[in-house]
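Peer 1: Okay, here's what each chain looks like letter by letter:
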Amino acid sequence: MTPLLEIKNLHVRFKIYEGELKVLNGVDMVIGEGEKVGLVGETGCGKTTTIKSVLRVLPTPPARISGGEIIYRGKDILKMKSAEIRSLRRGEMSAIFQDPLAALNPVFTVGHQLQDVIKYSSRVGGREHLSKKEIRARSIAVLKETGMPDSERILSNYPIQLSGGMRQRVCISEALSAAARLLMADEPTTNLDVTIQAQILRQLNELVAKRKPSILLISHSLGVVRNLTERVYVMYAGNMVEVARTKDLFADPLHPYAKALLKSVPKLTGEGISRGIRGRIPNYLNPPSGCRFHPRCDHAMPICEKERPTFFTTGDSDSHKVACFLYRR
Amino acid sequence: MSEEILTVENLKKYFVTKQGTVRAVDSVSFSVKQGETCGLVGESGSGKTTIAHTLVGIYEPTEGKAFFKGQNISKVFSQRPKTLKKEIRIVFQDPGSSLNPRRSIKQILELPLKVHRICSNSDRMGRVMQLLRMVELPPEDYMYKSPQVIGGGEKQMVAIARALAPNPSFVVLDEPTSALDVSVQAKIINLLMKLQQNFNLTYLFITHDLSLMRNVASRVVIMYLGKISEVAPTVEFFQNPLHPYTKMLLSSIPAVSDEEESLKPKEVLSRGEIPSPVNVPPGCSFHLRCPQKMEICSQVDPTMVEVEKDHLVRCHLFSDGREAT
Ligand SMILES: Nc1ncnc2c1ncn2[C@@H]1O[C@H](COP(=O)(O)OP(=O)(O)OP(=O)(O)O)[C@@H](O)[C@H]1O
Ligand SMILES: Nc1ncnc2c1ncn2[C@@H]1O[C@H](COP(=O)(O)OP(=O)(O)OP(=O)(O)O)[C@@H](O)[C@H]1O
Ligand code: SF4
Ligand code: SF4
Ligand SMILES: [Mg+2]
Ligand SMILES: [Mg+2]
Chain H
1 MTPLLEIKNL HVRFKIYEGE LKVLNGVDMV IGEGEKVGLV GETGCGKTTT
51 IKSVLRVLPT PPARISGGEI IYRGKDILKM KSAEIRSLRR GEMSAIFQDP
101 LAALNPVFTV GHQLQDVIKY SSRVGGREHL SKKEIRARSI AVLKETGMPD
151 SERILSNYPI QLSGGMRQRV CISEALSAAA RLLMADEPTT NLDVTIQAQI
201 LRQLNELVAK RKPSILLISH SLGVVRNLTE RVYVMYAGNM VEVARTKDLF
251 ADPLHPYAKA LLKSVPKLTG EGISRGIRGR IPNYLNPPSG CRFHPRCDHA
301 MPICEKERPT FFTTGDSDSH KVACFLYRR
Chain V
1 MSEEILTVEN LKKYFVTKQG TVRAVDSVSF SVKQGETCGL VGESGSGKTT
51 IAHTLVGIYE PTEGKAFFKG QNISKVFSQR PKTLKKEIRI VFQDPGSSLN
101 PRRSIKQILE LPLKVHRICS NSDRMGRVMQ LLRMVELPPE DYMYKSPQVI
151 GGGEKQMVAI ARALAPNPSF VVLDEPTSAL DVSVQAKIIN LLMKLQQNFN
201 LTYLFITHDL SLMRNVASRV VIMYLGKISE VAPTVEFFQN PLHPYTKMLL
251 SSIPAVSDEE ESLKPKEVLS RGEIPSPVNV PPGCSFHLRC PQKMEICSQV
301 DPTMVEVEKD HLVRCHLFSD GREAT
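Chains as they are written, first to last, in our numbering: chain H, 1 to 329; chain V, 1 to 325.
Just chain H, with the same shape it has in the complex (with noise of 0.2 Å):
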């Protein structure tokens, strides 16, 4: 498979008033033409950080990007100027932001958002011009594949005015309205109840086959991530920790926070909630040193606090590796 994205080495740092926060530390990633890829991991190991860099949408500062390669088909995104990205963003990569509410603004009705939207991808894709009348039915008509109740209605509220599911629908409608190539979802579905996100997650199946997007689903809901993706990565406390196809990573996760973090799901079988991975969220300021992780980890040796461990691979497909020094060969 092509790649249409590859992050390589990235290290991403916050400027706070103590020092500075070293939260990406070096994360790989490779995403393939259509290919549906998974990242899972801990709250706040920078996931959204992560495709924040691919988009540029950084703040910087206090985020200063101190290494590494973003390659877009065959550019580095960080060495572009900031019209090449703008219109990238516009034609060929759209997001949908974690928390919608921050990512609508508050003064403009729905309505006026969405068909913005519609006006400048259909611009930027170069061969339409719509009417004003056009846009509008199209941004009836994207609402209502969310299955969204009365678009009419809520094109003309305020973001303020809808429920949370319903905020979370308007982001989606958006970002599947502009004509994209790289579509990152960043927790699409966490609002909605599971039958409209089995619905919604029937949809982006079917723009997959239809136009072949690339899909970076970030989800801390595991069932979604094992429904929707091919591949998935984990991360912990900025680095990638482990990647595999995603039915060998349900079955067979490996690295000790992967188990971890598998065993951590709540079971319809309800026996009761575990008890969670001991210990706390790294301190970005002064990380761990070695293996991030090494700290909570049950099988730390001496070597895990002194080196980062590389991706290992294992078992007999390449696809699966593993950053961990058990797995070294």
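No lab work stands behind these hints, which were simulated from the structure alone.
Being a predicted model, the structure only gives us computed values, none of them experimental.
Ideal Cβ placement from N, Cα and C applies to all residues, glycine included.
There's no promise every hint is true.
A few chain H residues facing chain V, derived, Cβ under 8 Å [claimed, not checked]:
1) Thr2
2) Leu4
3) Glu6
4) His11
5) Phe14
6) Leu207
7) Arg211
8) His220
9) Ser221
10) Asn227
11) Arg275
DSS-like mimics (lysine-lysine), calculated; alpha carbons at most 27 Å apart, straight line [unchecked claim]:
12) V/Lys86 - H/Lys144
13) V/Lys75 - V/Lys18
14) V/Lys106 - H/Lys15
Computed footprint of chain H on chain V, listed as stretches where at least three residues anywhere in the stretch have a Cβ under 8 Å from a Cβ of chain H [what the hints assert, rightly or not]:
15) 18-29
16) 188-194
17) 208-217
18) 257-264
Based on these hints, arrange chain V with the ligands on the given structure of chain H.
Peer 2: For chain V with the ligands alone, kept in the frame of chain H given last:
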């Protein structure tokens, strides 16, 4: 354990907008027992947050009543008896926008302590640190940060700490962990459970995560389009779901293993458009999406019946003369 701490009777909340009246909550009755965790699940936009906001006094109900420990709380916050104000607290759905980005976390947590006069000025700092430790955020790292610079999950931990600051007895948790990964969620839930035991807290727990609900709630209330469609004890709810919407919900759960897959009711494909609360369809509001709809369903709105002890359902499939109160 069995005393009722909260009773809601025929609660209605309508919003008048230019496009018409939104019947966000339309005659809802339920009660919550002292010390229990009552789960509230349902369609996006079915009115769960509206109920939550009415209970904490952000909205005044259009009609109906709510009683907390026998006192009428169907008033907006500013008119509530002072003693009640600190008793009922809420953790909001959207942590990003509920925390003021221009305040430090310390200031955010101090505010309820000051408003409710929880501790002396000199103890306040200590209490803030204690609250942060309670939600596993090292105080020295977080106190002076703005909520803007922390991850979505960390924000929700701050929101939980803020809700617990004035020692409430009833906490509405509006999707408190939907922004968290499952391992942090597990910790927060364990913590919430521990706090519940220690301080005899009662929770109204809103979530879309049915697997989570399965493990935390003692009873589940299901809503669809402003109305309750089913109420059941949790175990009964999962073993013997009755309402067609409930079955659709359970069969849509994204499973994480084949074993779980086998526990779900056989696939009821979720389809159709959700009707609008401005234009509620006649009859049962679920009939546009219901795979089992009958003729009567588009004409007559079913009433609640008690099918088994404590198991109530509002659907014509079950309303053959066994009407409940
Ligand atoms: N603007 C900022 N200034 C300072 N620190 C920041 C900023 N944005 C993010 N961070 C820090 O970077 C870390 C990673 O944040 P990020 O939002 O990428 O996490 P995440 O993996 O998306 O988490 P979640 O699952 O909670 O959404 C966090 O610890 C956060 O405190
Ligand atoms: N302030 C408001 N003005 C007008 N309509 C409103 C307002 N607040 C909520 N609504 C409408 O009331 C209905 C119920 O919204 P509510 O937020 O209670 O849903 P919810 O069950 O919490 O949904 P979700 O699961 O998506 O959070 C929605 O149709 C929404 O548009
Ligand atoms: S490298 Fe060492 S500390 Fe890190 S996960 Fe593996 S065993 Fe644990
Ligand atoms: S009343 Fe009719 S339409 Fe409504 S849920 Fe029952 S069977 Fe379905
Ligand atoms: Mg995030
Ligand atoms: Mg809500």
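Peer 1: Each hint needs a verdict: does it hold in this structure or not?
Peer 2: We went through each hint and held it up to the structure:
For H/Thr2, the interface hint is violated, since its Cβ never comes within 8 Å of a Cβ in chain V; the closest pair sits about 30 Å apart. Interface restraint check: H/Leu4 against chain V, minimum CB-CB distance 26 Å, threshold 8 Å, status violated. For H/Glu6, the interface hint is violated, the least distance from its beta-carbon to any beta-carbon of chain V being 25 Å, above 8 Å. A cut of 8 Å between beta carbons decides the hint on H/His11: the least distance to chain V is about 18 Å, and the hint is violated.
Taken as an interface hint, H/Phe14 checks out: its beta carbon lies about 7 Å from the nearest beta carbon of chain V, inside 8 Å. This hint is violated: H/Leu207 has a C-beta 17 Å from the nearest C-beta of chain V, more than the 8 Å allowed. Because the beta carbon of H/Arg211 sits about 22 Å from the nearest beta carbon in chain V, more than 8 Å, this interface hint is broken. Hint status for H/His220: holds, given a least beta-carbon distance of 5 Å to chain V, under 8 Å.
Contact between H/Ser221 and chain V, as hinted, is supported at the beta carbon level, the nearest pair being about 6 Å apart and thus within 8 Å. Checking H/Asn227 against chain V: minimum C-beta separation of about 5 Å stays under 8 Å; hint holds. Interface restraint check: H/Arg275 against chain V, minimum CB-CB distance 6 Å, threshold 8 Å, status holds. Straight-line distance between C-alpha atoms of V/Lys86 and H/Lys144 comes to about 42 Å, which puts the hinted pair past the 27 Å bound.
At most 27 Å may separate the alpha-carbon atoms for a hinted pair to count; V/Lys75 and V/Lys18 meet this at roughly 25 Å. Taking the CA atoms of V/Lys106 and H/Lys15, the gap is about 20 Å. The hint holds against a cut of 27 Å. With a threshold of 8 Å between beta carbons, the proposed coverage of the segment 18-29 of chain V by chain H holds, since 3 of its residues qualify and at least three are required. Counting residues of the segment 188-194 of chain V whose C-beta lies closer than 8 Å to any C-beta of chain H gives 3; at least three are required, and the coverage claim holds.
Counting residues of the segment 208-217 of chain V whose beta-carbon sits less than 8 Å from any beta-carbon of chain H gives 8, enough to reach three: the coverage restraint holds. For the segment 257-264 of chain V, the stated coverage by chain H is satisfied: 5 residues place a CB nearer than 8 Å to a CB of that chain, which reaches the threshold of 3.
Going through the hint list in order, the structure does not satisfy hints 1, 2, 3, 4, 6, 7 and 12.
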